[in-house]
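Student: Input sequences plus hints: build the corresponding full structure.
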Amino acid sequence: MPILEFRNVDKIYNKMTQALTDVSFTVDEGEFVTIIGPSGSGKSTILRCINRLVDATKGEIVFDGHNINRADKKEIRQIRKKTGMIFQHYNLVDRLSVIENVLHGRLGHKSTISGVAGHYSEREKENAFIILEKLGLTEQAYKRCDELSGGQKQRVGIARSIMQEPRLILCDEPIASLDPSSSKIIMDHLSNINQTMGITCILNLHQVDVATKYSKRIIGLTQGRIVYDGPTEDLAKETIYEIYQSSEGELITDVG
Amino acid sequence: MLDETMKKAPRPQNQTSVFVKRKRTFTIVFVSVFALFTVSAVVTNYDVIKGFESIPQSIVWIAKNFVPNAQAWEKLPKILEKLIETALLSIAVTVCAAVCAFFFSLLGTRTTKVNPWISRLVRIVAAFFRNVPDVVWAILLLFSFGQNILTGFFALFFATFGMLTRTFIETIDEVSSSCVEALHATGATPLQTVFQGIIPSSVPEIISWVMYMIETNIRSSTLIGILTATGIGALFDLYYKRMDYSAASLVVILTVILVIVIEIISNQIRKVIM
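Each protein sequence line maps, in turn, to chains V and Z.
Position 60 (the first sequence) corresponds to 60 in the numbering used here; numbering is contiguous.
Position 197 (the second sequence) corresponds to 197 in the numbering used here; numbering is contiguous.
Treat the hints with caution; some may be incorrect.
Claimed, not checked - Calculated lysine-lysine pairs in the DSS-like style (CA-CA distance at most 27 Å, straight line): (1) Z:K113 - V:K58; (2) Z:K78 - Z:K64; (3) V:K73 - Z:K113; (4) V:K82 - Z:K113; (5) Z:K113 - V:K74; (6) V:K15 - Z:K113; (7) V:K143 - Z:K271.
As the list claims (entries may be wrong) - Residues of chain V clear of chain Z, computed beta-carbon distances all greater than 12 Å: (8) T21; (9) S24; (10) K58; (11) R70; (12) K81; (13) F87; (14) T196; (15) G198; (16) V210; (17) R217; (18) G249; (19) D254.
As the list claims (entries may be wrong) - Have a look at the derived ranges for each label pair, beta carbon to beta carbon: (20) Z:L223 - V:R70: 54 to 60 Å; (21) Z:R110 - V:Q18: 19 to 25 Å; (22) Z:E263 - V:H119: 57 to 63 Å; (23) Z:I149 - V:T112: 36 to 42 Å.
I should point out that these hints are in silico values taken from the structure, not numbers from a laboratory.
Yeah, the Cβ is synthetic: ideal placement off N, Cα and C, and Gly gets one too.
Tutor: Structure below.
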């Protein structure tokens, strides 16, 4: 059953810059999909259209039966509750503790007043600690986020999104600022969440090798158009060159 | 590396060299500053040599007259009372203006604005309040409130409000745009985002600016007090017009001490919260 469907979506920024052109694809529940493509090809725009951080200009986006483009403020909040998001720069509140940042994932489920006051139930706190344990962050729970390393911060970001109990997690370049070993930890966690909890994941990645290793399906984006959408095994070398608009020997993956 | 037999390395063609450009800029700036000085000195009949010559004279005069004597020290309790009044007023004004400015600035930031037009309006209003000097506010408000402590309060309030709104807009945009995006993405309401994201991440900068404005306001309230006949400014004005220079100097010295003490305290607070 498709959880997400893009139908002929266009996005034009400031009536000038064409970011997406006629983008159509569907994602089934429980899939782990990676979008690859050069910088500025519209990968982030696709993710941000899904939770309406960005409004699509044309076309329809259907998430879990709701038409996202026509959603009003209240519906947008419902949609965002069900979609977690992970960012390249983690986007945590650095001056707050790890546990508080994790609990921010509950804000969408709370009344404005109790969210403003930062009042969380014992069950929510217990859940937060369970998630932190799974991600190996129990010792860091009361530390301020600016004391953490990049890899730890990204794990807090993951914990925050799981705390939402989402149907879908959007990962915008989750490992672009991390070293290879932290990157592996993050990718393993994401893949694990997808398999054990059945949460659908859509990722943007720059690393083609990581993408082919972790996901069964790949979407290739060039200048706002989908040029490849299919199983990872069928992704030919030529297609990768086409996606990055380069020829053999010009990509970092060609080295070695 | 650099031996003379070596071939010259290529440099960009058909472009002015950066070194020539720098030299040109420096010459232009120097010449224009000198020209500005000369023109304004001629227009205002300012004699440079005479100006410098009068410095020793004025120092002697100050040393003779502006020294607190025994009589002046007798007025110490009264001066201190007014000084404390002025300091408390400045703190009260700044805190009130800061609270108002914070919520007002939320409408003006890129990250939390309701719509671009309101944001523009907020910035214009803030610029207006900021660019009218507090002394001018005091003179304008004298018509409606008379020589009253309220006049000084509102004059400082308006100027502080304008200044803080602008700085808060910049601070919030700089500090919290990334976490605001993340909190929006979790489905948090705007008010939750403000209290869970913006306030925690910008509180040190905000306190730092409020401290700075308290210092500034103690200084300006002295001046405004002269106009509104309240606080330490009025006392200074009184002694000065009576030609009781030694008492007036005690007022000045104590005000300077107060400002320095406040500055030291706020530096300590900044160190702790940063």
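Student: Now tell me if each hint is right for this structure.
Tutor: Here is what the structure says about each hint:
no.: 1; hint: Z:K113 - V:K58; result: holds (25 Å)
no.: 2; hint: Z:K78 - Z:K64; result: holds (24 Å)
no.: 3; hint: V:K73 - Z:K113; result: holds (15 Å)
no.: 4; hint: V:K82 - Z:K113; result: holds (25 Å)
no.: 5; hint: Z:K113 - V:K74; result: holds (18 Å)
no.: 6; hint: V:K15 - Z:K113; result: holds (21 Å)
no.: 7; hint: V:K143 - Z:K271; result: holds (20 Å)
no.: 8; hint: T21; result: holds (25 Å)
no.: 9; hint: S24; result: holds (24 Å)
no.: 10; hint: K58; result: holds (22 Å)
no.: 11; hint: R70; result: holds (18 Å)
no.: 12; hint: K81; result: violated (4 Å)
no.: 13; hint: F87; result: violated (6 Å)
no.: 14; hint: T196; result: holds (22 Å)
no.: 15; hint: G198; result: holds (20 Å)
no.: 16; hint: V210; result: holds (23 Å)
no.: 17; hint: R217; result: holds (24 Å)
no.: 18; hint: G249; result: holds (28 Å)
no.: 19; hint: D254; result: holds (31 Å)
no.: 20; hint: Z:L223 - V:R70: 54 to 60 Å; result: holds (58 Å)
no.: 21; hint: Z:R110 - V:Q18: 19 to 25 Å; result: holds (23 Å)
no.: 22; hint: Z:E263 - V:H119: 57 to 63 Å; result: violated (38 Å)
no.: 23; hint: Z:I149 - V:T112: 36 to 42 Å; result: holds (39 Å)
Hint check: violations occur at hints 12, 13, 22; the rest are consistent with the structure.
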